Amino acid sequence: MTINWFRYSSPASFYPIAGRLIPWFFSAAALLMLAGLYISFFVAPTDAQQGEAYRIIFIHVPAAWMSMFIYIVMAAWAGIGLAFNTRLSSMVASALAPTGAMMTFIALWTGSLWGKPMWGTWWVWDARLTSELILLFLYFGFMSLQAAIDDPRRADKAGAVIALVGVINVPIIYFSVKWWNTLHQGASVSLMQSPTMAKPMLIGMLVMALAFWMYSIAAMLMRLRAIIIERERNSDWVKALKERQS
Amino acid sequence: MNDLSLTAALWTVGSRDLLAAMRHRADLLTTLIFFALVASLFPLGVGSETALLRLMGPGVVWVAALLASMLALTRLFASDYGDGTLEQLALSPHPLTLLVLAKIGAHWLASGLPLVIIAPLLGLQFDLNADAQLVLLASLLLGTPTLSLIGAVGAALTLGVRGGGALLSLLVLPLYVPVLIFGAGAVEASAAGLGAGAHLSLLGALLLVALVFAPWATAVSVRIAVE
Numbered sequence: 001m002t003i004n005w006f007r008y009s010s011p012a013s014f015y016p017i018a019g020r021l022i023p024w025f026f027s028a029a030a031l032l033m034l035a036g037l038y039i040s041f042f043v044a045p046t047d048a049q050q051g052e053a054y055r056i057i058f059i060h061v062p063a064a065w066m067s068m069f070i071y072i073v074m075a076a077w078a079g080i081g082l083a084f085n086t087r088l089s090s091m092v093a094s095a096l097a098p099t100g101a102m103m104t105f106i107a108l109w110t111g112s113l114w115g116k117p118m119w120g121t122w123w124v125w126d127a128r129l130t131s132e133l134i135l136l137f138l139y140f141g142f143m144s145l146q147a148a149i150d151d152p153r154r155a156d157k158a159g160a161v162i163a164l165v166g167v168i169n170v171p172i173i174y175f176s177v178k179w180w181n182t183l184h185q186g187a188s189v190s191l192m193q194s195p196t197m198a199k200p201m202l203i204g205m206l207v208m209a210l211a212f213w214m215y216s217i218a219a220m221l222m223r224l225r226a227i228i229i230e231r232e233r234n235s236d237w238v239k240a241l242k243e244r245q246s
Numbered sequence: 001m002n003d004l005s006l007t008a009a010l011w012t013v014g015s016r017d018l019l020a021a022m023r024h025r026a027d028l029l030t031t032l033i034f035f036a037l038v039a040s041l042f043p044l045g046v047g048s049e050t051a052l053l054r055l056m057g058p059g060v061v062w063v064a065a066l067l068a069s070m071l072a073l074t075r076l077f078a079s080d081y082g083d084g085t086l087e088q089l090a091l092s093p094h095p096l097t098l099l100v101l102a103k104i105g106a107h108w109l110a111s112g113l114p115l116v117i118i119a120p121l122l123g124l125q126f127d128l129n130a131d132a133q134l135v136l137l138a139s140l141l142l143g144t145p146t147l148s149l150i151g152a153v154g155a156a157l158t159l160g161v162r163g164g165g166a167l168l169s170l171l172v173l174p175l176y177v178p179v180l181i182f183g184a185g186a187v188e189a190s191a192a193g194l195g196a197g198a199h200l201s202l203l204g205a206l207l208l209v210a211l212v213f214a215p216w217a218t219a220v221s222v223r224i225a226v227e
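As you go down the protein sequences, you meet chains E and Z in turn. In this text, residue positions in the first sequence follow our numbering: the first is 1, and each later residue adds one. In this text, residue positions in the second sequence follow our numbering: the first is 1, and each later residue adds one.
Just to be clear, a hint being listed does not mean it is correct.
[As the list claims (entries may be wrong)] For lysine to any residue, the following SDA-like pairs were computed, each having C-alpha atoms within a straight-line distance of at most 20 Å:
id, chain 1, residue 1, chain 2, residue 2
1, E, K178, Z, L194
2, E, K199, E, G115
3, E, K178, Z, G59
4, E, K178, E, G115
5, E, K178, Z, A198
6, E, K178, Z, L180
7, E, K178, Z, L173
8, E, K239, E, A12
9, E, K178, Z, E188
10, E, K178, Z, G197
11, E, K178, Z, A205
12, E, K116, E, A12
13, E, K242, E, E232
Derived from the structure by calculation, the hints contain no laboratory data. Since the model is a prediction, treat every value here as computed from it, not as a measurement.
Go ahead and model the full structure; you've got the sequences and the hints to work with.
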């Protein structure tokens, strides 16, 4: 049996599927979040140097991962939308941006809460903090540009260009800021080396990251449904949907 | 109508923009005065202690150059967009990427190069010594074309868009960060006796990367704007 994947690239046929997927992703997010929070508060040991305050990393690190990951995914979907002129991919990109910006903000906020007891200051001009802040501005730029353009197709394409330019720039910005100033502790989790932290800590963090991931997908799908309805409001299938609901 | 060769077309586009810039000399002067004004505000804000100013000088001059060159960006495409010239350029048989590059080059000659030339004057205000002045000049010479190239993408994207000016700064300023870091860093490194070579090489690398990607992205953006 072959599945015609292109069928799902039409907003009209993706809309009901998205509706059916949302509860699954939300419940997965809730379950994982419960498990992750349990591990982070009751299973993971107290850190030898940082005491209990380190536990903020169970929110901070997954949020920081997601903030960067979502930007790349967003730019990829926007690029696909620009290259193949597929409306749904551009809509996915627009639906991802607010979630990504929120993750960036959470990462900055929790980082600052963690920095106060550790470094004794809310904010330092450290490489990672600074590049995360610039990432937040890149998200804002993408969203403001799309909001300022009335024609949705032009907004999609303009957004795609700035997202792609941003994606080329993110590593350049990261390294330039890194060479400029570094105070942040090195990454504790890397794919190349064995992690330098206790196993329950690592598991807690990974479970939380998965929870954030599921939440992001669910939030993106909800926003996507709203965007689809808004853009297709004059089409026949949306009118039929309205009639069926009333 | 006779066909124009590519080089002739590029020359025509570039020299026309330069001529137009010369006819609107007041606009160029405004950018320069803005540059000098911003830099002069800093000592008023933080105090006139010479040691402090010497430390801040390179960074302040660079930030002022960043803002001034961003301010000039709105002139890059706006009038051509308004009177339809940009549409004709997009329709021409020559690659739009190169035509756009010619426009960016002319724009830099008219608004970026003057900034570089008067920068030493501002350096004097901050009591930079001759070596630092020389490095500042070199870093601006390598850095400002990159600013024009990156900024062109933003300028093309915000054509005919609501709230263009503020939006342009939001789009472009985060992308200017690496240029600022290496530009101001070059002067600071040479002042610290480390030599500015590494920073200047990185600025040159940024310029080359921008030369490859920015005209192409600008051309795509121009097409999005005029279609």
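Review point. Given the hint that E/K239 pairs with E/A12, does the C-alpha gap stay at or below 20 Å?
Key: At roughly 12 Å apart (the allowed maximum being 20 Å), E/A12 and E/K239 satisfy the hint.
Point to revise | 20 Å limit on alpha-carbon distance, applied to hinted pair E/K178 and Z/L173 | key: Holds, because 18 Å separates the two Cα atoms, which is no more than 20 Å.
**Study point:** Hinted pair E/K178 and Z/G197, Cα distance within 20 Å
**Key:** holds (18 Å)
Review point. Does E/K178 pair with Z/A198 here, judged by a C-alpha cut-off of 20 Å?
Key: holds (15 Å)
Exercise for review: Starting from E/K178, check that the Cα of Z/L180 is at most 20 Å away, please.
Suggested key: Holds, at roughly 14 Å.
Check your understanding: Within 20 Å, alpha carbon to alpha carbon, are E/K178 and Z/L194?
Key -> It holds: about 18 Å lies between the C-alpha atoms, which stays within 20 Å.
Check your understanding: Taking 20 Å as the top limit, are the C-alpha atoms of E/K178 and E/G115 close enough?
Key -> OK: E/K178 and E/G115 at ~18 Å, within 20 Å.
Exercise for review: For the pair we were handed, E/K178 and Z/A205, check the Cα-Cα distance against 20 Å.
Suggested key: Holds. E/K178 to Z/A205 sits at ~17 Å (cutoff 20 Å).
Review point. Is it true that the CA of E/K116 sits at most 20 Å from the CA of E/A12?
Key: Answer violated: E/K116 to E/A12 is near 49 Å, above 20 Å.
Point to revise | Satisfaction of hint between Z/E188 and E/K178, Cα-Cα up to 20 Å | key: holds (16 Å)
Check your understanding: Straight-line Cα separation of E/K242 and E/E232 no greater than 20 Å?
Key -> holds (12 Å)
Review point. Quick one, are E/K199 and E/G115 close enough, alpha carbons at most 20 Å?
Key: Distance ~24 Å between E/K199 and E/G115 Cα, so the pair is violated.
The earlier numbered hints that this structure contradicts are 2, 12.
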